[in-house]
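A.B. asks: The chain contents come next:
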Amino acid sequence: MSDDVPAPARVAVTEAAAELLVRLRAKHGDLMFHQSGGCCDGSSPMCYPDGDFLTGDADVHLGDLAVDDFTVPVWMSRNQFEYWKHTHLTIDVVPGRGAGFSVEAPEGVRFLIRSRLFTDEEWAALEEV
Amino acid sequence: MTVYAAPGTDGAIATYRARYDHWIGGEYVPPANGQYFENPSPVTGRTFTEVARGDADDIDRALDAAHGAAPAWGRTSVTERAIILNKIADRMEEHLEELAVAETWENGKPVRETLNADMPLAIDHFRYFAGAIRAQEGSISEIDGDTIAYHFHEPLGVVGQIIPWNFPILMAVWKLAPALAAGNAVVLKPAEQTPASILYLMELIADLLPPGVVNVVNGFGAEAGKPLASSPRIRKIAFTGETTTGRLIMQYASQNIIPVTLELGGKSPNIFFGDVAAARDAYYDKALEGFTMFALNQGEVCTCPSRALIQSDIYGDFLADAVARTEAVKQGNPLDTDTMIGAQASNDQLEKILSYFEIGRAEGAKVLTGGHRAELDGDLAGGYYVTPTIFEGRNEMRVFQEEIFGPVVAVTQFADFDDAIKIANDTLYGLGAGVWSRSGETAYRAGRAIEAGRVWTNNYHAYPAAAAFGGYKGSGVGRENHKMMLDHYQQTKNLLVSYSPQKLGFF
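Residue numbers (this note's numbering), protein chains in the order written: chain A, 1 to 129; chain Y, 1001 to 1507.
It is worth saying that the hints were derived from the structure and are not from the lab.
Remember, it's a predicted structure, so these values are computed and weren't measured experimentally.
We treat Cβ as the ideally placed atom computed from N, Cα and C, and that holds for glycine.
Watch out, some of these pointers could steer you wrong.
To be verified - Now the in silico label distances, taken between C-beta atoms and shown as ranges:
hint: 1; chain 1: Y; residue 1: N1458; chain 2: A; residue 2: A125; range: 49 to 55 angstroms
hint: 2; chain 1: A; residue 1: G29; chain 2: Y; residue 2: D1057; range: 20 to 26 angstroms
hint: 3; chain 1: Y; residue 1: T1147; chain 2: A; residue 2: R78; range: 47 to 53 angstroms
hint: 4; chain 1: A; residue 1: G51; chain 2: Y; residue 2: D1144; range: 39 to 45 angstroms
hint: 5; chain 1: A; residue 1: T90; chain 2: Y; residue 2: G1440; range: 45 to 51 angstroms
One chain only, chain Y, in its complex shape (with noise of 0.2 angstroms):
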């Protein structure tokens, strides 16, 4: 058990600068307008530094820096780039521990999942597209004995991407490795909630990049994403975050007719099938680390497994086993390794929750444990945390079809297979689902049945690299994760050649 001292105090590992600017071709630049907004820590509420507040000066700035770099970096050797990303993930592998606390400090989230998955995740990240790189090849038609069709995967150039606060420095990886091993300049626009960790992450890997490569502009979306995104001198948008904004963005992009991924959200159902309770053995004991998956990073994430589909024969049982499981989450200091579940990102998260607990009581929801604010003493007291929550009520309730973004999962039973694919697939959304059974066959048949991109059998919220995640229906556009990614990030080169010195005879 160890408690990371909170960064500005004695024994901190990490220290985050009083403020900062905008990271521009490789340095620090102040921001246009000169000014700058506060960023509280949500393990406490208050502000630990200020950081620019950028506008449409600062992005035409940073979008002439990422232009000044790619040519050069679009023509580096795919060996260059694989190697320098390698480097990137030494350089965030020496300094783990660091990255760990600052992107706690900055998120809320335990250390304990920004140590044991956030880090590693976003390094490996780094390593897997070096190797993808590597090993992508063109290909070549031969059309006739006079004519091949050589195909070759270009850059697309400079790309605008835009992070939401969930996972800051992951995010921004899971976006960053596929367009720099693609050979891109990225101009990259932070969430106004979590803007200065992603430049911690910039700094200690300053020298490992050509400047300009990748510029970094802070500020509100309204404000420094809207010109990003409408930019004409961007060949690619990348978000991720909710829907209107989704929307929104596809229509800045259709003024400038470019490609578009986005990843939008969803209201994962986790479903567990009766045989997962024909014994009380290490499985069983998984399956209930499944079903409170729901609280890992507070709830703030896309694929929350906030939906529990329970097969009526073992319902009552295994649901009193999950509440049991929920209240043993130890909440407490973000920063102590035991702790684990932190900060909700923002007060406004916290509030729209709490607004949550009061529709699905109105609504005849059942509160099997939680639904309240959780009070933390001392310097945790301005925090903002909340209870793991379960809900008990009927798939048609407004909290079985939102995204709440929060430690709460909505609970309801199953009579058989059918009816656990129709409530599965009831939501206008298809991002993950959780699959839980000891047969392979109801495993996979459930798997393929289910409307969702990412379908976790006997396991959930593991992101491994080289396994495609993206959505389904409302959940968006694209797949991250995956060496598929370097088509989102290239244009193909057709040269179309003729070795032959006859005319076709036309004209």
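Chain A with its partners taken away, still in its complex shape (with noise of 0.2 angstroms):
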């Protein structure tokens, strides 16, 4: 990895997605997103207060989102992570329902996350998480 360049984020966010979240931390708090796999809602960020849902061994600090003046972690479970550390994650919002207990969809949207694969420079300069 070159001294001179910062090792490339995992992790992105839209302007859009980012003013929600300005919304809904005057709401809520502090807060954090978790990626969720599996049926109905799943393979979509869920947007919780921070600390609501409890991270540990199983999951990957993947970066955090810097929005305005505060911070959004970005977590996702370990194994999950396996199938997806080649791609870069953007979260993004679009119109929707919502889902579980993720703290945007009573705003009527729903995150949303959109990938892209790193490229071979940044794939060789990424940190381990």
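Could you fit the two chains together into a complex? Lean on the hints.
C.D. replies: Structure, rendered in structure tokens:
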């Protein structure tokens, strides 16, 4: 890994999603994301008040979203990460009905993941999580 | 060919109210905070009713009603309870078409499925558990000549149930039937995507159940689901949905030390061994239908056969036939009995599926058919429709590992038996699997080697009562559709009785 270039981020957030996070933080306090797998509302990130969802050895901290003057950590379960680690994740938001206990549901929208593959250069420079 | 009139139009056999309150204590009760949320039909994308937006206060009121009803219901004889469950089944059967239309409107699935699968299965579920509870017995152990251990099954009391949106009425019934048979009172929170059809059912059977035995509180997960799952006033929580919420529910349950059953989804492999193509006969035709089952319920099934593994020696021809079969799937108005695939349940589901088309292509998977949103005409133009899609690629790609929850199948080939099993088991999940082979031995060995709770063998997507259903690995805890469910909703009382008048000699 080059000393000059910082390791690439694994996660990012769109402007629309960031605006929503500012509104949600005003209501709920500090927030976190855990990327879900599985049926129904799975394969989409869940947003909770930070600490509501217990993370531990079974999880990977992918990174933090920088929003306004605060950050939002993004987590994923370790075994799921094995299949996702070659992709960069951007958290976006679309109109929808919401899901699980994710806090944005009553706003009539739903967070969504947009993925792209890391380039070879990025892949070489990524840090371990 | 019948086209049912949409609820709210002339000639409709099912009509929804303009607004729904909660169902508490056998009647409609307005939400404590006075708020409602809109409920669109996925068929058109337009709102057709508004539903109470429940919160912790409403959950408490529902729990009050459930606790009020639970003691008497728990003491009702199993004969009496079974009679009631059978009456519920009969009532539903009398109104089957109406319920089917109501469910299609709420969820978007084709009326062909609600008429032939959802409603008949739900009706039968009540009948199965009516029989199971009558046949259940406790047990006796003779410890010694003076000491007998009596084991009784007792209800838990009041339980919480959180239901998904993919089969709204059927998923509610899978949980309600055993819970009620076992003598519990229930507070049920439907999915916010599909809050109304269960109320349609509750109204229909209102006179059959004592008030407070089943209570329905609608709302958003964080506002109504969380207070229910974390309430110290329930003795058990049951949930069907995805992994992260499942974990959160277990967390809440741990705070109150209550049992949890979870059904969490899968990435089910559908395995086609080479001998399937030994002849182009009825069975081969059935196998092609089996492949196309990924489109059932628009792919919104936890056991969607979303990975197809085809043996190399038949790969080219079988896949060509499978693509043709997929392209023959009729998309259209869900209220038309000819339509085979309806609308996805919500806009965000549609968006998620479309985002998977992107990542699939980015990873190098090839689209053999479909791969885009479906544009329908007229009233349906605003609905949430997707073309049935086949991706071709490798098992480590994300479209092979993640639950897309749409009419999308990822296809790959395998060399031999061991290769098939290796690929099949290379997944975080273990809910369902399909095995297709003319050889009983191959089918049996494959079924025993696959790490999944349900292995369909020479069939798929059958959910009869009496066949236990549940997951291995990351797919959840517990089994539904079987009398063993009664154990999940009961606790054992042991009376350890001494018939001897003599002291032991300790004190």
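A.B. asks: A separate judgement is required for each hint: does it hold in the structure or not?
C.D. replies: Hint-by-hint comparison with the structure:
{"no.": "1", "hint": "N1458(Y) <-> A125(A): 49 to 55 angstroms", "in the structure": "50 angstroms, holds"}
{"no.": "2", "hint": "G29(A) <-> D1057(Y): 20 to 26 angstroms", "in the structure": "22 angstroms, holds"}
{"no.": "3", "hint": "T1147(Y) <-> R78(A): 47 to 53 angstroms", "in the structure": "51 angstroms, holds"}
{"no.": "4", "hint": "G51(A) <-> D1144(Y): 39 to 45 angstroms", "in the structure": "54 angstroms, violated"}
{"no.": "5", "hint": "T90(A) <-> G1440(Y): 45 to 51 angstroms", "in the structure": "50 angstroms, holds"}
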